[in-house]
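With the hints as constraints, model all of the structure from the sequences given.
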Amino acid sequence: MKTTIQYLVSILLFISIFYSCVHDDDYEIPSIENCSEVVIPVTKTVQEIYDTSTSTVTQYTLQDVLEAYVISNDQAGNFFKRLHFQTLDGSRGFSIPIDLSDSYTIFNSGRKVYIQLQNNYIQLHFDGLEIGNYFFDDATQLASIGKIPAANYKNIIIKTCTVVEEDKLTNKITLSEITDAHLNTLIELKDVQFEDAALGKTLYDANNDIGGATNYTIEDISKTSIKFRTSAFVNFGTTAVPEGNGTIRGVLTKFRNTYQLLSRTLDDINLNGDRKRIGFAENITGTKINISEVRTLFTGTDTQLLDDVFIEGIITMSGIDHNNMTERNAFIQDESGAIALRFSAATSLKRGY
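According to numbering that gives the first Met the number 0, the sequence shown holds residues 0 to 352 in order.
Keep in mind that the hints were calculated from the coordinates and are not lab data. From a predicted model like this one, the values you see are computed outputs, not experimental measurements. Just to be clear, a hint being listed does not mean it is correct.
[To be verified] Below are the SDA-like pairs computed for lysine to any residue, each with C-alpha atoms no more than 25 angstroms apart in a straight line:
#, residue 1, residue 2
1, Lys167, Tyr258
2, Lys200, Ala180
3, Lys200, Glu311
4, Lys253, Asp101
5, Lys200, Lys167
6, Lys287, Glu311
7, Lys349, Asn323
8, Lys253, Thr44
9, Lys171, Thr86
10, Lys253, Glu218
11, Lys253, Asp50
[Unchecked claim] Here are the simulated distance ranges between beta carbons:
#, residue 1, residue 2, range
12, Ala344, Thr201, 34 to 40 angstroms
13, Asp166, Gln62, 50 to 56 angstroms
14, Gln62, Glu194, 36 to 42 angstroms
15, Leu340, Asp166, 42 to 48 angstroms
16, Ser291, Leu265, 50 to 56 angstroms
By construction, the Cβ of each residue, glycine as well, lies at the ideal position given by its N, Cα and C atoms.
Okay, here's the thing in structure tokens:
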């Protein structure tokens, strides 16, 4: 009877501890009332590790420590056994493969951590920094960064009690502002929408599976674009592709030379605005002037218009209409006059537009 009671008490104690842990590390900002803060001297910046890393897998032997913040999670299934971290100011990010499922119950978004670098390996993979174990593929004879074992991650990724609001970590940018410096950081793209070809489909489409995920193009009114990737295992994969325009938040990654955006949950996708007609004049911003005003700005030599202005008119002749002119030229007119347009490459402008 004594053994039975002890066993029952152990079960109840385990349930109580497990519930407390899950509650403390939920996706929302958790309570940290019972947390004992950990403070470790930080000896390196993420940028300094970038500067010493190459495409070759290299062991890090010095006793250095990084400070970083969690920005990805596997709650919805779009990330699998890989955590992404960034600096507080969002200037640099990196990823760590880890042999751990349901990591969101431990490493919630915004959680400050310390990374122990000694005896781990570093590599720039498709220009993004990875930290982890050494892995050698016998089939390809190539080395890469491997997963940190579940039994060892606590010695490498040390949690603190500090949790930062996600908005303070998010780089809110346009598609044209994306650079390699944003790799493995949390970004929010403004004024974007899914390509026309994606409408009427679901975020994950088994008929459009590339390496276990579906890639769609998201774009802005200037036709700048990026790939949006949704895993086959995500819990929002059956959601219809949103038709509107707005913001999409996610972690920026890169495959070869192609940028990819991975959202963490459906809440990252906020396309509630009116859809834009890509490439049409209705999306132009600035001050409208007429062709006559443009002519008065000409000084007799090549003149660059620095003001945010535009003209509106009708194409009266274009090389694409097979006139006796190159496809790099066209003529446009409005009520005040007409002017020739010269392009460095062939244009798709047609007469009457």
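_Hints that the structure is at odds with (numbers, increasing)_ = 2, 3, 5, 13, 14
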